[in-house]
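K.L.:
The residues making up each chain are set out below.
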Amino acid sequence: MRLPWREGLGVAPFFVFAALFLIVPTVSLLVGAFQDKDGGFTLDNIVRLWQPSILNSYKLSIEISVASALAGALAGFVLALAALRGGLPGWVRPTLMTFSGVASNFAGVPLAFAFMATLGRLGFVTLALRGLGVDIYAAGFNLFTFSGLTLTYCYFQIPLMTLVMAPAIEGLKREWSEAAETLGASHLQYWRMVALPVLWPSLAGAALLLFANAFGAVATAYALTGSFLNITPILLYAQIRGDVLHDPNLGYALALGMLVITGASNLGYLALRARSDRWLR
Amino acid sequence: MTRGRILAWGIMLAGTLYYLAPLIATFEFSLRMKRGVYSFEAYRVVFSNNQFQDAFLYSVVQALATIVVGAAIVAPTAYFVRLRLPRLRGLVEFITLLPLVVPAIVLVFGYIKLFSSSSYLPLTSTSLGADALLMFGYVALSLPYMYRAVDSSLSTIDVRTLTEAAESLGAGTATILLRVILPNIRSGILSGAFVSFAIVIGEFTFASLLDRPAFGPYLQLIGASRAYEPSALAMMAFALTWGCMGLMQAFSGGAHQTAKR
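Taken in sequence, the protein lines are chains D and F. Just so we're aligned: the first sequence equals residues 1 to 281 in this note's numbering. Just so we're aligned: the second sequence equals residues 1 to 261 in this note's numbering.
Read the hints as simulated data drawn from the structure, not as lab findings. None of the values given here were measured: they were computed from a predicted structure. Any given hint might turn out to be false.
Okay, the calculated beta carbon distance ranges per label pair [said to hold, decoys possible]:
id, chain 1, residue 1, chain 2, residue 2, range
1, F, L13, D, L9, 52 to 58 Å
2, D, G39, F, L162, 49 to 55 Å
3, F, F47, D, R192, 51 to 57 Å
4, D, E170, F, L13, 18 to 24 Å
5, F, K34, D, R192, 54 to 60 Å
6, D, R174, F, L91, 36 to 42 Å
C-beta atoms are modelled at their ideal positions from N, C-alpha and C, and glycine is treated no differently.
Here chain D stands alone, though its shape is the one from the complex (with noise of 0.2 Å):
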């Protein structure tokens, strides 16, 4: 395709911007993952990834990332449900898509201190279930390990699939339901054999967009939990700081294995909503 100049110009920047700080510094990682230290072709830093503390970041950052993402997508959707299907009054709507709009982007190490001050040894919700009889500390609950760090992005997760999920909900035509009513179908029916096959798409894709979100986040885990939780950025981090895995190759091999995660699920994503927007439109 022949470029007119004053067009070429104009998207020159976006395309030399893209290549040497998207492009480039990615497709460096993958071709360092099948390198070794001379620069020859292996398939031997791949075949390392198979080692066990490696493999355990991978399962327990997986393990994490499912929990948050599947307890985020029904938390979500179903805040969501009620505030846009639930006769609520008006101003419920508009309220929690505002707040969820600043709660999904509220995450880091700032909500790391919040939740640390909610929900910590001296956490006021910590003191506040203690004063009611509820020692949850006693009860194994721990903010710095899985079911802390779980419950901590789900403060991002749920509001990003309240919006997500919002259009979708919105999709839903009132004269499904009308239909489904006069042919005797009960409320529970409905939902059953038409509204949930109809979401089933965007909610399988929400729930993989949710998946890569917590699979790619560091600062949280990092300011809440220091090392402590072996999951892959956590590591990933430290191998930049410091080479500890001491074989620089062996890092690229780990990125590449995150990239491969988030990329699928990214995909399954997109696939999904493809399929999802043809109903809803």
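Fit chain F to the given chain D structure using the hints.
P.N.:
Below, chain F alone, put in the same frame as chain D:
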């Protein structure tokens, strides 16, 4: 119906509790620095700290540079794609989605490998180079939001007619972009700018790994060493995010109103 409404209220109540509890707890904790009495002492200590001022100022400057450079890269591209190069739309949209697919930590790892002191473009070996690298990284992180905001703003105006009118009056491309298109998509650029600001101001991963004295790494350091100040800083960060997102929605809402008129 009534039972459904009670259920809906119950769900909203539970959601409100979950969302508000950390905010209330953090605020309460931030007031407890002076023993036995609620005070804003923690805020005073934070704001009067030189390190805080330096780190915050650094991140504000980074955010402003990110917004200017991001808008300068995105606006002409979105304009030309809409007007003359519709065939590039798919590719451009794909590129703008990349920062959501590639985790920030992977991207910054790529920067460190590619722009190290032994490379062709050794940005990380000078302080100014590393500042610039961080800024370009932030432009990348905010690219999806800036592009979407500018592009949806462009869709509300008649780009073709405006361009042709300006051309027939003898305006060149630069004049058209700066004096005709830009004023008309101001609301889009502003709403993209506020999201960019919210992303950049407390960002941790890029700044920490590129060793820049930004607000995010400062926050982390304070969190590891102090008791009450982190809560005060978290409240401040939340207020900033709230302000940015509120202004963003105000401006993107404004765009829709203009379109209807």
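K.L.:
Next, verify each hint and record whether it holds.
P.N.:
Hint check:
1. Between L13/F and L9/D the CB atoms are about 57 Å apart, so this pair conforms to the stated range of 52 to 58 Å.
2. The hint said 49 to 55 Å for the Cβ distance between G39/D and L162/F, and at roughly 53 Å that hint holds.
3. Take F47/F and R192/D: their Cβ atoms lie about 56 Å apart, and the range 51 to 57 Å holds.
4. As the Cβ distance of E170/D to L13/F is approximately 23 Å, the hint placing it in 18 to 24 Å holds.
5. Evaluation of the 54 to 60 Å hint for K34/F and R192/D yields a pass: the beta carbon distance comes to about 58 Å.
6. The given range of 36 to 42 Å is respected by R174/D and L91/F, whose C-beta atoms sit roughly 39 Å from each other.
Consistency with the previously given hints is maintained throughout, with no hint failing.
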